[in-house]
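Asker: Now for the letters of each chain:
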Amino acid sequence: MSEHNNEKLDVKEDEIHLLLDHSYDGIQELNHPLPSWWNATFYICCAFALGYFVYYQFMNGPSLNDEFKKDYKVVLAAKEEFRKANSVFNQEFYDKTVSKDGVNNGKVVYEINCMPCHMEGGRGDVGPNLTDNYWLLAKGTPPTIHKVVFGGSEENGMPAWGEILKPEEIYQVISYVMTFKNTFVVGGKEPQGEKVDE
Amino acid sequence: MSSQVESPPVGKRESFSYDDNIVKLFVIATLIWGVVALLLGVTIAFQLADWRVNLGLPWTTFGRLRPLHTNAAIFAFCGNAIFAGIYYSHQRLLKARLFNDVLSQIHFWGWQLIIVSAAITLPFGITTGKEYAELEWPIDIAITLIWVVFAVNFFGTIVRRRERHIYVAIWFYIATIITVAVLHIVNSLEIPVSFLKSYSLYAGVQDALVQWWYGHNAVAFFLTTPFLGLMYYFIPKAVNRPVYSYRLSIIHFWSLVFIYIWAGPHHLLYSTLPEWAQTLGMVFSVMLWMPSWGGMINGLMTLRGVWDKVRTEPSVRFMATALTFYGMATFEGPLLSIKSVNAIAHFTDWIPGHVHAGTIGWNYMLISGVLFYLVPKLWNSELYSKKLAHTQFWFATIGLILYIVSMWVAGITQSLMWSAMDDAGNLIYPNFIETVIKIVPMYWVRAIGGTFVLISFVIMIINLYKTAKAGKKTAEKIYEANALDDSSIEHNASAHRKLEGWPMIFAVLSLIAILVGSGIEIIPSLVADKYILKIEAIKPYTSLELYGRDVYIKEGCYLCHSQTVRPMSHEVVRYGKPSNAAEFVYDHPFQWGSKRTGPDLARVGGKYPNMWHYRHFLDPRQVTQGSIMPRYTWLFENKIDYSDLSKKLQVMKQLGVPYSDEEILNAVENAKGQAQGIADELVENGKVPEKIVQMDVVALIAYIQRLGVDYSAVEEEESDEAASVK
Numbered sequence: 001m002s003e004h005n006n007e008k009l010d011v012k013e014d015e016i017h018l019l020l021d022h023s024y025d026g027i028q029e030l031n032h033p034l035p036s037w038w039n040a041t042f043y044i045c046c047a048f049a050l051g052y053f054v055y056y057q058f059m060n061g062p063s064l065n066d067e068f069k070k071d072y073k074v075v076l077a078a079k080e081e082f083r084k085a086n087s088v089f090n091q092e093f094y095d096k097t098v099s100k101d102g103v104n105n106g107k108v109v110y111e112i113n114c115m116p117c118h119m120e121g122g123r124g125d126v127g128p129n130l131t132d133n134y135w136l137l138a139k140g141t142p143p144t145i146h147k148v149v150f151g152g153s154e155e156n157g158m159p160a161w162g163e164i165l166k167p168e169e170i171y172q173v174i175s176y177v178m179t180f181k182n183t184f185v186v187g188g189k190e191p192q193g194e195k196v197d198e
Numbered sequence: 001m002s003s004q005v006e007s008p009p010v011g012k013r014e015s016f017s018y019d020d021n022i023v024k025l026f027v028i029a030t031l032i033w034g035v036v037a038l039l040l041g042v043t044i045a046f047q048l049a050d051w052r053v054n055l056g057l058p059w060t061t062f063g064r065l066r067p068l069h070t071n072a073a074i075f076a077f078c079g080n081a082i083f084a085g086i087y088y089s090h091q092r093l094l095k096a097r098l099f100n101d102v103l104s105q106i107h108f109w110g111w112q113l114i115i116v117s118a119a120i121t122l123p124f125g126i127t128t129g130k131e132y133a134e135l136e137w138p139i140d141i142a143i144t145l146i147w148v149v150f151a152v153n154f155f156g157t158i159v160r161r162r163e164r165h166i167y168v169a170i171w172f173y174i175a176t177i178i179t180v181a182v183l184h185i186v187n188s189l190e191i192p193v194s195f196l197k198s199y200s201l202y203a204g205v206q207d208a209l210v211q212w213w214y215g216h217n218a219v220a221f222f223l224t225t226p227f228l229g230l231m232y233y234f235i236p237k238a239v240n241r242p243v244y245s246y247r248l249s250i251i252h253f254w255s256l257v258f259i260y261i262w263a264g265p266h267h268l269l270y271s272t273l274p275e276w277a278q279t280l281g282m283v284f285s286v287m288l289w290m291p292s293w294g295g296m297i298n299g300l301m302t303l304r305g306v307w308d309k310v311r312t313e314p315s316v317r318f319m320a321t322a323l324t325f326y327g328m329a330t331f332e333g334p335l336l337s338i339k340s341v342n343a344i345a346h347f348t349d350w351i352p353g354h355v356h357a358g359t360i361g362w363n364y365m366l367i368s369g370v371l372f373y374l375v376p377k378l379w380n381s382e383l384y385s386k387k388l389a390h391t392q393f394w395f396a397t398i399g400l401i402l403y404i405v406s407m408w409v410a411g412i413t414q415s416l417m418w419s420a421m422d423d424a425g426n427l428i429y430p431n432f433i434e435t436v437i438k439i440v441p442m443y444w445v446r447a448i449g450g451t452f453v454l455i456s457f458v459i460m461i462i463n464l465y466k467t468a469k470a471g472k473k474t475a476e477k478i479y480e481a482n483a484l485d486d487s488s489i490e491h492n493a494s495a496h497r498k499l500e501g502w503p504m505i506f507a508v509l510s511l512i513a514i515l516v517g518s519g520i521e522i523i524p525s526l527v528a529d530k531y532i533l534k535i536e537a538i539k540p541y542t543s544l545e546l547y548g549r550d551v552y553i554k555e556g557c558y559l560c561h562s563q564t565v566r567p568m569s570h571e572v573v574r575y576g577k578p579s580n581a582a583e584f585v586y587d588h589p590f591q592w593g594s595k596r597t598g599p600d601l602a603r604v605g606g607k608y609p610n611m612w613h614y615r616h617f618l619d620p621r622q623v624t625q626g627s628i629m630p631r632y633t634w635l636f637e638n639k640i641d642y643s644d645l646s647k648k649l650q651v652m653k654q655l656g657v658p659y660s661d662e663e664i665l666n667a668v669e670n671a672k673g674q675a676q677g678i679a680d681e682l683v684e685n686g687k688v689p690e691k692i693v694q695m696d697v698v699a700l701i702a703y704i705q706r707l708g709v710d711y712s713a714v715e716e717e718e719s720d721e722a723a724s725v726k
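Read top to bottom, the protein sequences are chains H and W. Under this note's numbering, the first residue of the first sequence is numbered 1, with each subsequent residue one higher. Under this note's numbering, the first residue of the second sequence is numbered 1, with each subsequent residue one higher.
Derived from the structure by calculation, the hints contain no laboratory data. Keep in mind that this is a model prediction, so the values were computed, not measured. Every residue gets a Cβ at the ideal spot worked out from N, C-alpha and C, and that includes glycine. Do not take every clue at face value.
Covered, in the sense of this in silico footprint (three residues per stretch, anywhere, with C-beta under 8 angstroms from a C-beta of chain W), are these stretches of chain H [as the list claims (entries may be wrong)]:
1. 10 to 24
2. 96 to 104
3. 112 to 123
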């Protein structure tokens, strides 16, 4: 006996012949055939699954690693070309950049990318003090700074910016860093490296 | 033979009653935990929009609250709702009172106790570090015991049934109970270090596979099959219509149960899982589409001719909407499993969007529909207000749509930014933070959407409370039915119909159905030690790094950071060499993560100086403007707890990590030495206080600085060789 059944089960005329005599707590079931689109889609999915698996697992379809290697080779070649073209300091480009408001643009680049380590005004913290006349890697000139900034010193925590910043941004930030030179900011990090006299 | 509602007066007449009090208790628990789960969800959503919402306290940071949110939503909210719905319908479908009232009570109170212990341990950072299975080993054992109680109660009721055949709802319940038990036990195998700390039995690739076999099927067998069962009972009851197609029920039940279990590896596409397993995960997900839709079709077509009830009856409206979102989510799922789509969507916010289409759209909506049906019946009352129910509906729907759409936009935007490269092979957005700042507005939209859903839930609580309060007490109803006897056996029935009369055999067959896929995928990986070519250069963590790794797990860093580099050019340019299975062989548990709210950390060791990390953990915005990573100030005040360190190494050794006896014996001494080295450098470079040597942060830095270091030193050819072993 069930508690509902004050209302008669709502069965439509056109489906009454599909009604099964199952009944569970008043719930009955029709037996419509499987929708044909449902069936077809299910078969298609299964066929796709089988084909895909067989192709990639048994018929030497390219593995993810193969595909990656192919793609990466192209990227590496492009990178190599870029490096060749940009890793050497270009005095002419530098002068042009400086003349086009390079220092102010460089300040923006510096604040976003360099400040976390070299701090405001280049006084140094995680990275060395850029306001004194002691240098670890560079020699206080644009070409030597370019070399450090472009290639970095990654084992010591100075990232390589060559592929992160745009070429002109690198020249801009160098021109900005040059303004720190020999400002000897008070409270800066103690000198590191060798003294460079000019 | 006919089994009309009133069976013909053959066998013995028996009278019985239903235990509806236990259903009431589960209903109340559902409402309480539902609001808790949603409140937590809204909180962590705002934390991603504005880091200050982390409140600066350890137990309120994102990494600790996120597991609490997911556990509360799945196991507390949905769990209690499932038990309420199952206990109500199971008794009626079988014309039998629940097997044992005491077991029912133990089930209820035991489950609530488990939830409370989760709510206490997770904020303290007591976690196994495996998503959706974070609870530590004593709670895992409690879950197992209570689940057994549930199973005994459930199958006991079947044994005492007065209805020969079991209805499709019960098929789904059976599959749920059996599969969840298998999943939970296999995934939770771990070796305790202390009362509240353990290490997973599995490492690296194996752990990842077992975990996502579990994780995916928790969705399948905790959030899908039981809910389909409820749908099969409550929709026909609510609209008083026959179910559309019995044949479809059979086909979609078995195909769903059989296929679902294989799909787990779609969480690990492009990882170092052997590719054949990845491909299986993908193709089975594609095949899963129609079986999932079978349930939706059967539910929606049952509404044929009574669609007006979707407008007028809250319970029907919610259930029909639930089925619609179920259909959407189960289309999106297979789509996301296709490798090339997954390459875009994985690790992005698209995935939380997808998950919530399921949990809010399907689970919450269906639960609402069930509750609007149940509460008036249980408390013998009329629904307090249809208008409130409709208001609730719109709040929930609009909130959910805001959620889903904002996460689509965020996910796709971020993914495109991650992968954008120029002709020179350089990333267009090399600073990860740019890709974060871009999507923060979407985090706000999501948080607001979530708030709408929370409001909708509160509206429901008010509505149902008023409904229950107006109820009139009645005596327990007594029902009558014939005892089960041979007269109900259908001799000429089809094979499946016969099977429906043999529930225990049915249960065994469901078990076999799920064991096939599980076995084929998992067993090879458990013996995979042979396949993973060890690389000599990859060494176990030092004792301090191991301790730091536990800090990483405790703080839930894995919920924002991945540790696995996929073989894709943009990813390799951004992070470094693609990951290799051999890198993870000592990782109990694995920490690949599933979401990149922050950048991948697999190659972060040595990327920055120690001082950078020191500043970053103290205040991420000091080094990265606009960061949304929380501050971890307490790591600078909590002292390293050396007491269990030797034991930890010992357990690791038991698990196969090659620590020497000497390393175990000197674990503390070695750790202190390494900490001193890091501290000295910090003190020298950053003028930090000397006492830092004793603090957790030093261990965390040690761990972070180790990540990827061993493998980066390995020559190309050797890593190639290891990678090519399938």
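Asker: All the hints need checking, so say for each whether the structure fits it.
Answerer: Hints, verified against the model:
1. 10 to 24: With 10 residues close enough to chain W, the hint holds.
2. 96 to 104: violated (count 0)
3. 112 to 123: holds (count 4)
The structure fails to meet hint 2 from the earlier list, while all remaining hints are met.
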